[in-house]
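Engineer: Residues per chain are reported as follows:
Protein chains: 2
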Amino acid sequence: MKKREKISEAVIRRLPRYYHCLKELEKDGITRVSSTVISGMLNITASQVRQDFSNFGEFGQQGYGYDVDFLKTKISSLLGLDSAYNVIVVGGGNIGRALANYRGFLNEGFNVLAVFDNRQFDLELRDGIPLLSMEKLKKFIRENNVDICFIATNAESAKEVAALVIKSGIKAVWNFAPVDLYLGENVAVENINMSESLFMLSYKLKNLTPQD
Amino acid sequence: MKKREKISEAVIRRLPRYYHCLKELEKDGITRVSSTVISGMLNITASQVRQDFSNFGEFGQQGYGYDVDFLKTKISSLLGLDSAYNVIVVGGGNIGRALANYRGFLNEGFNVLAVFDNRQFDLELRDGIPLLSMEKLKKFIRENNVDICFIATNAESAKEVAALVIKSGIKAVWNFAPVDLYLGENVAVENINMSESLFMLSYKLKNLTPQD
Numbered sequence: 001m002k003k004r005e006k007i008s009e010a011v012i013r014r015l016p017r018y019y020h021c022l023k024e025l026e027k028d029g030i031t032r033v034s035s036t037v038i039s040g041m042l043n044i045t046a047s048q049v050r051q052d053f054s055n056f057g058e059f060g061q062q063g064y065g066y067d068v069d070f071l072k073t074k075i076s077s078l079l080g081l082d083s084a085y086n087v088i089v090v091g092g093g094n095i096g097r098a099l100a101n102y103r104g105f106l107n108e109g110f111n112v113l114a115v116f117d118n119r120q121f122d123l124e125l126r127d128g129i130p131l132l133s134m135e136k137l138k139k140f141i142r143e144n145n146v147d148i149c150f151i152a153t154n155a156e157s158a159k160e161v162a163a164l165v166i167k168s169g170i171k172a173v174w175n176f177a178p179v180d181l182y183l184g185e186n187v188a189v190e191n192i193n194m195s196e197s198l199f200m201l202s203y204k205l206k207n208l209t210p211q212d
Numbered sequence: 001m002k003k004r005e006k007i008s009e010a011v012i013r014r015l016p017r018y019y020h021c022l023k024e025l026e027k028d029g030i031t032r033v034s035s036t037v038i039s040g041m042l043n044i045t046a047s048q049v050r051q052d053f054s055n056f057g058e059f060g061q062q063g064y065g066y067d068v069d070f071l072k073t074k075i076s077s078l079l080g081l082d083s084a085y086n087v088i089v090v091g092g093g094n095i096g097r098a099l100a101n102y103r104g105f106l107n108e109g110f111n112v113l114a115v116f117d118n119r120q121f122d123l124e125l126r127d128g129i130p131l132l133s134m135e136k137l138k139k140f141i142r143e144n145n146v147d148i149c150f151i152a153t154n155a156e157s158a159k160e161v162a163a164l165v166i167k168s169g170i171k172a173v174w175n176f177a178p179v180d181l182y183l184g185e186n187v188a189v190e191n192i193n194m195s196e197s198l199f200m201l202s203y204k205l206k207n208l209t210p211q212d
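Respectively, the protein sequence lines represent chains A and B. Using my numbering, the first residue of the first sequence is number 1, and each one after it goes up by one. Using my numbering, the first residue of the second sequence is number 1, and each one after it goes up by one.
Any given hint could be a false lead.
Computed list of lysine-lysine pairs in DSSO-like fashion (alpha-carbon distance at most 30 angstroms, straight line) [unchecked claim]: (1) 171(A) - 138(A); (2) 136(B) - 72(B); (3) 138(B) - 206(A); (4) 206(A) - 136(B); (5) 204(B) - 72(A); (6) 206(B) - 206(A); (7) 136(B) - 204(A); (8) 206(B) - 139(A); (9) 159(A) - 167(B); (10) 206(B) - 74(A); (11) 138(A) - 138(B); (12) 171(B) - 136(A); (13) 206(A) - 204(B); (14) 171(B) - 206(B); (15) 159(B) - 23(A); (16) 206(A) - 27(B); (17) 171(A) - 138(B); (18) 139(B) - 206(A); (19) 159(B) - 72(A).
Hints in this document: simulated from the structure, not taken from any laboratory.
Start from the sequences, fold in the hints, and give me the full structure.
Structural biologist: Following this line, the structure appears as structure tokens:
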């Protein structure tokens with residue numbers, strides 16, 4: 001078996017942007033694209049684009065450009081977007097609801113099956129996604145082969161929820177609670193710390209024009 | 001006038017986490033805290049915590065710990081969280097609505113005044129936040145001293161919206177559209193690219209257990 005070559009995290013981090021860019025091009029009916037065009041769309045140098053793509057084999061030819069469909073399919077596969085995922089959302093507040101209702105994720109294969117919250121409220125959830133109580137969580141994960149949990153609880157509950165869903169067999173957590181989760185090497189985690197980003201924004205705003 | 005010392009971005013990036021941690025301690029009635037405790041809460045080494053805090057002057061004494069209230073106030077001020085901000089949200093979809101309704105931001109001084117979208121729908125917005133059409137945007141920004149715009153549109157509209165609000169005098173943009181915005185040195189920008197993060201999650205999930 002051929003050993004997979006290690007691709008640097010910086011390159012991997014750019015893949016979603018390439019993927020998005022290629023989807024845009026495809027939508028516009030463009031079938032071939034140069035590194036220069038991609039460079040202009042993403043604020044990345046053209047040589048960086050070529051270097052990144054060379055990591056994944058021969059995607060293009062000099063002077064001829066890249067095949068948009070082939071490249072998109074390849075990157076989609078690298079990112080695991082050629083699979084479909086069963087998703088649950090824990091936390092039925094504003095963010096949890098937005099995540100459950102957003103069709104963009106569904107289009108990429110992330111299929112939200114249910115929202116879990118112990119509070120009872122009128123949720124406007126699309127397509128009859130049920131709101132279930134937390135006590136049903138473990139059973140639901142096992143019976144529905146759930147792959148990913150979106151956590152949209154408060155900071156206090158997030159660690160507990162993560163521990164619970166991992167114990168029930170979930171291997172990936174997308175965390176929106178305002179606390180970064182570290183869940184070990186056997187679980188995929190991405191933290192979106194919104195308040196951290198907002199506070200950085202106010203820091204930058206304050207420091208645009210120093211007062212002293 | 002004393003020249004402000006340049007603090008490294010890595011340190012700045014940790015400030016929101018310290019701030020959040022200190023708020024938690026305060027909520028629990030804790031008035032003094034050691035670097036070791038903060039270290040344990042944030043997965044940062046205690047010596048890193050001490051080094052970071054030393055950037056901002058004498059916050060603590062050896063063996064005595066840090067004054068939680070003093071430290072929180074100081075970091076709050078560094079982050080610009082001692083001011084109040086007038087905010088508008090452009091884009092009334094799932095994410096825009098969640099941002100407008102989230103009380104956590106209001107508690108930190110980010111006051112959402114209105115949501116702008118040309119679509120007409122029943123928005124469940126808190127406290128009578130109005131949904132206004134885009135043609136009212138420029139006038140509203142000028143008349144209400146709006147500081148910050150949260151952009152929650154699609155990728156295609158985001159750049160246009162950013163250009164418009166900046167022209168109307170806004171100096172800070174929090175961008176949730178799936179395209180990173182670069183708006184020059186005179187505008188504070190933070191991009192939250194959710195699909196990028198989700199795709200990284202599926203990449204990580206795929207690479208937890210290599211198939212080959």
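Engineer: When the hints from earlier in the document are held up against this structure, which numbers fail?
Structural biologist: 2, 6, 9, 11, 12, 13, 14, 17
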